[in-house]
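Colleague: Protein chains in written order, with our numbering: chain H, 9 to 277; chain A, 108 to 417.
Don't read these hints as lab results, they were simulated from the structure. These figures come from a predicted structure and were not determined experimentally. Cβ coordinates follow ideal geometry from the N, Cα and C atoms, glycine included. One should not assume that every hint holds.
When the alpha-carbon atoms are kept at most 27 Å apart in a straight line, the in silico BS3-like pairs for lysine-lysine are as follows [as the list claims (entries may be wrong)]:
#, chain 1, residue 1, chain 2, residue 2
1, A, K292, A, K357
2, A, K242, H, K114
3, A, K242, H, K111
4, H, K111, A, K292
5, H, K114, A, K251
Per the computed footprint, the stretches of chain A lying under chain H, defined by three or more beta-carbons under 8 Å from a beta-carbon of chain H, are [to be verified]:
#, segment
6, 156-168
7, 183-190
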Amino acid sequence: MVGALLPRLVGLTAVARRSASVTERNIATLRSSYWVVLISGFLEPLLYLLSIGVGVGALIGELPLPDGSTVPYAAFVAPAMLAASAMSGALAETTFNFFAKMKFMKLYDGVLATPVRPFEIALGELGWAMARGVLYSAAFLGVMVAMELTTPTRALAAFPAAVLIGFAFGALGMAASTYMRSWQDFDLVGFVQFTLFLFSGTFVPAEAYPAVLRWLVEVTPLYRAVDLTRGITTGSGDWSLLLDVLYLLGVLVLGLVVAGRRMGRLLYR
Amino acid sequence: MTTAQPLIQARGLVKRFGDFTAVDGIDVEVRPGEAFGFLGPNGAGKSSTMRMIGCVSPPTAGELRILGMDPRRDGPAIRARLGVCPQLDNLDPELTVRENLTTYARYFGIPRRVAAQRAAELLDFVQLTERAGSKVEPLSGGMKRRLTIARALVNSPDLVLLDEPTTGLDPQARHLVWERLFRLKRQGVTLVLTTHYMDEAEQLCDRLVVMDGGRIVAEGSPRELIDRYSTREVVELRFVVDSQQDVAGKLDGIGERVEVLPDRILLYVADGDAAMAQVHGRALAPASVLVRRSGLEDVFLHLTGRTLVD
Numbered sequence: 009m010v011g012a013l014l015p016r017l018v019g020l021t022a023v024a025r026r027s028a029s030v031t032e033r034n035i036a037t038l039r040s041s042y043w044v045v046l047i048s049g050f051l052e053p054l055l056y057l058l059s060i061g062v063g064v065g066a067l068i069g070e071l072p073l074p075d076g077s078t079v080p081y082a083a084f085v086a087p088a089m090l091a092a093s094a095m096s097g098a099l100a101e102t103t104f105n106f107f108a109k110m111k112f113m114k115l116y117d118g119v120l121a122t123p124v125r126p127f128e129i130a131l132g133e134l135g136w137a138m139a140r141g142v143l144y145s146a147a148f149l150g151v152m153v154a155m156e157l158t159t160p161t162r163a164l165a166a167f168p169a170a171v172l173i174g175f176a177f178g179a180l181g182m183a184a185s186t187y188m189r190s191w192q193d194f195d196l197v198g199f200v201q202f203t204l205f206l207f208s209g210t211f212v213p214a215e216a217y218p219a220v221l222r223w224l225v226e227v228t229p230l231y232r233a234v235d236l237t238r239g240i241t242t243g244s245g246d247w248s249l250l251l252d253v254l255y256l257l258g259v260l261v262l263g264l265v266v267a268g269r270r271m272g273r274l275l276y277r
Numbered sequence: 108m109t110t111a112q113p114l115i116q117a118r119g120l121v122k123r124f125g126d127f128t129a130v131d132g133i134d135v136e137v138r139p140g141e142a143f144g145f146l147g148p149n150g151a152g153k154s155s156t157m158r159m160i161g162c163v164s165p166p167t168a169g170e171l172r173i174l175g176m177d178p179r180r181d182g183p184a185i186r187a188r189l190g191v192c193p194q195l196d197n198l199d200p201e202l203t204v205r206e207n208l209t210t211y212a213r214y215f216g217i218p219r220r221v222a223a224q225r226a227a228e229l230l231d232f233v234q235l236t237e238r239a240g241s242k243v244e245p246l247s248g249g250m251k252r253r254l255t256i257a258r259a260l261v262n263s264p265d266l267v268l269l270d271e272p273t274t275g276l277d278p279q280a281r282h283l284v285w286e287r288l289f290r291l292k293r294q295g296v297t298l299v300l301t302t303h304y305m306d307e308a309e310q311l312c313d314r315l316v317v318m319d320g321g322r323i324v325a326e327g328s329p330r331e332l333i334d335r336y337s338t339r340e341v342v343e344l345r346f347v348v349d350s351q352q353d354v355a356g357k358l359d360g361i362g363e364r365v366e367v368l369p370d371r372i373l374l375y376v377a378d379g380d381a382a383m384a385q386v387h388g389r390a391l392a393p394a395s396v397l398v399r400r401s402g403l404e405d406v407f408l409h410l411t412g413r414t415l416v417d
């Protein structure tokens with residue numbers, strides 16, 4: 009039993025080790041200028057929260073949640089901004105940057121000449137993308153607690169959810185990037201991302217949409233992500249949170265597998 | 108040496124890209140400690156072969172064993188023991204010279220401390236210690252090439268693959284690279300390189316294969332190939348433009364073979380001076396004459412009817 013299991017475990021640690029070496033490469037590239045990128049990524053959801061959540065929220069007042077309770081509009085919007093920033097942080101790293109590394113810097117051509125495999129590159133890059141997403145999420149949750157939009161306990165519970173959201177979107181973005189032919193294609197990514205951002209129950213409850221549209225919205229990944237974070241930070245969640253988690257895990261695995269396969273096909277010519 | 112297990116063993120190796128056959132059934136054997144060359148013009152299938160050996164390109168057909176292992180199954184284990192210097196430098200532009208080496212070492216699972224030490228040694232070896240903290244971009248072509256070679260050595264490989272190691276470098280930079288490769292060879296590192304430079308192949312390779320159109324057209328040591336496919340000396344004659352074809356007919360019978368190129372006529376002869384006497388005896392007055400020893404260029408010309416570098 010152990011004899012059969014041991015080689016697999018050794019194999020797994022090798023995968024982890026090689027993936028980590030790809031993440032490490034990105035840490036080595038960190039320069040002082042990178043903080044500008046980090047700060048802008050943190051400020052964006054915060055500005056939305058302040059302008060729409062607090063600003064527009066003053067006109068709206070309280071909003072009912074699916075479980076019947078009501079919350080101030082800012083508390084309704086804040087978890088959606090949390091999910092959206094986890095998404096955009098992960099996508100920024102796994103679309104533009106990943107594509108540039110693969111197609112222009114020819115970075116992975118060099119990496120593939122080593123024992124590191126395409127799937128491990130995907131995993132390592134995703135780990136890196138997440139390091140960034142995790143920072144955004146933690147900072148934003150801190151702001152939410154400070155503004156009394158959620159409790160510290162709920163914020164702690166929402167943190168791993170935000171991490172999962174980042175992982176899922178990162179994997180998705182990476183898989184999508186392997187299909188990109190040029191920079192023009194990224195306009196499409198931006199468009200899809202913004203559409204999701206506007207209509208995933210972020211600013212308006214999905215219940216407000218007509219039935220068909222609502223059904224469409226509810227199968228999109230950002231809606232599931234918002235449903236998850238909102239359920240946690242407002243304390244209004246029910247069994248559907250489990251569905252959200254499973255959905256996001258599914259997206260994560262699918263994205264990684266597709267990305268690894270496509271990279272193999274693109275790079276092992 | 109010949110009894111040792113070959114590091115590379117290929118039989119009937121084929122690589123196709125769609126309808127295009129890049130490598131068309133080649134047999135190759137590389138033994139430990141030797142410097143082996145693939146010589147041929149652009150498009151001969153050299154790089155495709157190198158990529159297959161480097162386990163980053165699956166063979167379409169045929170048998171291939173590297174270090175006694177199967178690239179299809181044991182890719183990571185094989186690559187762990189290879190050093191690869193690709194045709195185009197793919198150094199990491201976001202890292203410094205030193206970081207390019209230490210980061211690369213980490214891909215092989217080399218501990219950080221060892222990686223740092225190894226990087227320092229290799230920077231010294233390729234004479235880049237002074238540029239260790241610089242980014243890659245401002246380096247000259249020759250420096251980038253040396254760094255790429257150093258990177259290929261970071262895991263102390265058993266087998267180093269060099270795809271056109273000096274293409275695009277100026278003569279001084281080329282000689283520096285050759286000198287470093289020669290040192291490696293002396294240390295017993297097995298080198299496999301591709302080149303379309305005859306002098307490079309003659310200087311570095313113990314044994315080589317000549318490739319053309321995806322096939323191997325000849326195999327041997329540089330000396331053997333020259334002896335087998337060429338004469339001892341070559342006379343290069345240049346005539347006034349457009350008169351070459353007329354003149355060529357009048358050279359029949361001098362030496363073993365006459366080769367007419369767009370810009371000059373080559374006479375393959377045993378004795379260049381004697382041949383020149385015959386040329387003058389036929390009242391021909393070339394604009395310039397060069398008598399030289401036969402080289403691999405002549406072997407290639409004889410085998411394929413074409414020059415190597417156009």
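Colleague: All the hints need checking, so say for each whether the structure fits it.
Modeller: Okay, the hints, checked on the actual structure:
1. A/K292 x A/K357: 47 Å, violated
2. A/K242 x H/K114: It holds: about 16 Å lies between the C-alpha atoms, which stays within 27 Å.
3. A/K242 x H/K111: At roughly 20 Å apart (the allowed maximum being 27 Å), H/K111 and A/K242 satisfy the hint.
4. H/K111 x A/K292: Roughly 34 Å separates the two Cα atoms, so the pair is violated.
5. H/K114 x A/K251: The given pair, whose Cα atoms are some 15 Å apart, holds under the 27 Å limit.
6. 156-168: holds (count 5)
7. 183-190: holds (count 5)
Checked against the numbered hints above, the structure breaks hints 1, 4 and satisfies the rest.
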